[in-house]
Amino acid sequence: METRLFTILILVVAFAAVVIATQVIRRRRDAFPLRLIRAYESLIPQVAAAIEANRPVHLSAGSAGLGGENTLLALVNAELFYRVAQQAAIGATSPIITTSDTTAIPLAYDTLRRAYESRGLLSSYRSSGVRWYPAGPRSLAYAAALTASLGVNNVYANVLVGSFGPELALIAEAAARRDQVLIAASDQLPGQAVAYAVSDQPLIGEEMFAAGAYLGDEASFRAALVAQDLLRWLLIIGLVVAAVAAVSPDFAQLLGNLLGTLAGGR
Amino acid sequence: MQRLLAVLATAIAIGFGLFSLFGLALDSPLITDTTNLFLQLVTITVAVTILIGIYNLLTVHLGRVRGRRSGWFYSLILVVSALTVIVLTVLERAGVLTGEPAITVILLEQVQVAVESAFAGLLLFSLVYGAYRTLRKRVSGWGLLFVVALLVILAGALPLAQFDLFAAARDWLMAVPVSAGARGILLGIALATVVTGVRVLIGQDRSYRE
Chain A
1 METRLFTILI LVVAFAAVVI ATQVIRRRRD AFPLRLIRAY ESLIPQVAAA IEANRPVHLS
61 AGSAGLGGEN TLLALVNAEL FYRVAQQAAI GATSPIITTS DTTAIPLAYD TLRRAYESRG
121 LLSSYRSSGV RWYPAGPRSL AYAAALTASL GVNNVYANVL VGSFGPELAL IAEAAARRDQ
181 VLIAASDQLP GQAVAYAVSD QPLIGEEMFA AGAYLGDEAS FRAALVAQDL LRWLLIIGLV
241 VAAVAAVSPD FAQLLGNLLG TLAGGR
Chain B
267 MQRLLAVLAT AIAIGFGLFS LFGLALDSPL ITDTTNLFLQ LVTITVAVTI LIGIYNLLTV
327 HLGRVRGRRS GWFYSLILVV SALTVIVLTV LERAGVLTGE PAITVILLEQ VQVAVESAFA
387 GLLLFSLVYG AYRTLRKRVS GWGLLFVVAL LVILAGALPL AQFDLFAAAR DWLMAVPVSA
447 GARGILLGIA LATVVTGVRV LIGQDRSYRE
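Residue numbers (my numbering), protein chains in the order written: chain A, 1 to 266; chain B, 267 to 476.
Keep in mind that a hint or two might mislead.
[Claimed, not checked] Covered stretches of chain A (chain B as the covering partner; in silico rule of three or more C-beta atoms under 8 Å from a C-beta of chain B):
1. 3 to 9
2. 64 to 77
3. 95 to 106
4. 168 to 179
5. 183 to 196
6. 199 to 209
7. 215 to 227
Derived by calculation from the structure, the hints in this document are not laboratory data.
Keep in mind the model is a prediction, meaning the values are calculated, not measured.
We treat Cβ as the ideally placed atom computed from N, Cα and C, and that holds for glycine.
Work the whole structure out from these sequences, hints included.
Right under this line is the structure:
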C-alpha cells in the first residue's frame with residue numbers, strides 16, 4: 001500500500017509541475033533557461049550538411065517499441081525523429097528510420113509522414129524510408145543488417161537513440177569506417193556505455209528525453225524538463241535525508257517522530 | 267475532419283491511460299478486469315504489427331530489387347530467404363514436412379545462431395576500437411578517466427597474482443562508482459519516463475495530437 005501511495009504521490013507532483021511550468025513558460029519564454037547539450041546543438045547543422053551532401057540521415061530507436069516497458073522511450077524518440085525528419089524533408093534524399101521492433105513501424109511511418117506534411121511536402125514522402133530489420137535473439141542480426149545498410153545507403157549521419165545493447169559498437173564501428181557522424185544513447189546500461197565511448201556527441205540517460213525541448217519551441221516540452229528537475233531534487237533530498245538518518249540515530253529518531261506525527265494527523 | 271480525429275485520438279488515449287492508472291491505484295475487481303482486457307487488446311495489436319513488419323520488409327526490398335538500386339542483390343537474397351522460411355514454416359505447420367529436427371530449427375541453429383555468434387566475437391574488437399576512438403577524438407579529463415578505469419578493470423580481470431592490486435581496485439570501482447553511476451543513470455531515465463507518461467496522460471504528446 002505504501003508503494004502504491006508513493007507512486008501516486010510522484011505522479012501528482014509530476015502532473016502539477018508539468019501543468020504549472022507549462023503556464024509559466026507560456027508567459028515568460030526565458031523563465032527556465034536550458035543548459036547546453038552538444039549533441040542537440042550539433043544535430044541540426046549535421047542534418048543541413050547531409051542535405052548539402054545529398055545523403056540521407058539515419059535514425060534508429062533500436063528495440064524501443066510500443067506496448068512494452070520502453071513505450072514512452074519510443075514516443076520520445078518519435079519526437080526526436082520528427083524534428084530531424086522535418087529538417088531533412090527539404091532535401092532530395094529521404095531520411096531513413098530503422099527499427100527492430102514491429103510495434104514501432106506504424107509510429108515511424110506516422111512520424112515521417114507528419115514531418116513531410118508539416119513542410120507541405122507530403123508528395124515527397126516515401127514510406128520506404130521506414131525499414132524493419134528483425135532483431136533476432138540478441139539484436140546482433142539487427143546490428144549486422146545496419147552495418148551493411150549504412151554503406152549501401154551512403155548515410156551521412158546516424159542518430160541511434162533508443163534501446164540498444166553492446167551491439168551498438170558494431171554499428172558505430174561501421175559508421176566510423178565510413179566517416180559517418182554518430183550521435184548515440186541507450187536506455188540499457190551496456191548500450192549507454194558503448195554509446196558514450198563511440199559517439200561523436202554522446203547523450204546520457206535522461207538527456208534522450210529532452211529532444212522536444214532542445215529542438216522545438218513548445219512550452220510543454222520545457223515544462224517536462226522542469227518537472228524532471230523538480231523530481232530529481234526531491235529524490236536527492238530524500239536520499240540525503242535517508243543517508244543522514246542511517247548514520248545518525250538522533251536524526252533518525254527525530255525523523256521517525258515527525259513521520260509518526262504526520263501519520264497520526266492523517 | 268482531421269482536427270476531429272486528432273481530438274478523438276487524444277480523448278481515447280487520455281481515457282484509456284487514466285482508466286489503467288486508476289486500475290493500478292484502486293483495488294476494484296471491475297477496473298482491474300477491464301484494464302486486463304485492455305492489455306489483451308494490446309497483445310493482439312502487437313501480433314498484428316508483425317504482419318506490418320513482413321509487409322515492410324518485402325515492399326522495401328522488392329522495391330530495391332525492381333529499381334536495381336545499390337545493394338539490390340542483398341535485398342534479393344533477403345526476400346528469397348524470408349519467403350523460403352515462411353513457406354517452410356507453413357509446410358511444417360500443415361504437417362507436409364515432418365522431419366526431426368524440423369528444418370526451420372536447423373536453419374535457425376545453423377545459420378542464424380552461427381552468424382550471430384560470429385558477430386558476438388567481433389563485438390570485442392569493436393569495443394576496443396571504440397575505446398581507442400574515445401581517446402583519439404576527445405582527449406579530455408573525462409575521456410582519460412574513462413580509459414584509465416577501463417584499463418584497471420581489464421587488468422583486474424586477469425587471473426595473475428601480480429595483478430591483485432588491480433583486482434581490488436576493480437572490485438571497488440564496480441561496487442562504488444560504477445554502481446552509483448549506473449543507478450544515477452537509471453533513476454534519471456525513470457524520472458524522465460514518469461514525466462513523459464504524465465505528458466501523454468494530459469494530451470501533450472504529438473504522436474496522436476496532430
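These are the hints, each one checked on the structure:
1. Check on the stretch 3 to 9 of chain A: 3 of its residues sit with their Cβ under 8 Å from a Cβ of chain B, so the three-residue criterion for coverage holds.
2. Under a criterion of three residues with beta carbons nearer than 8 Å to beta carbons of chain B, the stated coverage of the stretch 64 to 77 of chain A is upheld, 6 such residues being counted.
3. Only residues whose beta carbon comes within less than 8 Å of a beta carbon in chain B count, and the stretch 95 to 106 of chain A has 4; three or more means the coverage holds.
4. Look at the stretch 168 to 179 of chain A against chain B: 5 of its residues bring a Cβ nearer than 8 Å to a Cβ of that chain, three or more, so the hint holds.
5. Judged by the Cβ-Cβ criterion of 8 Å, the stretch 183 to 196 of chain A is covered by chain B as claimed, because 5 of its residues qualify and three suffice.
6. Requiring three or more residues with a Cβ within less than 8 Å of a Cβ of chain B, the coverage given for the stretch 199 to 209 of chain A holds, as 6 such residues are present.
7. Judged by the Cβ-Cβ criterion of 8 Å, the stretch 215 to 227 of chain A is covered by chain B as claimed, because 3 of its residues qualify and three suffice.
Every hint, counting from the list given before, is met by this structure.
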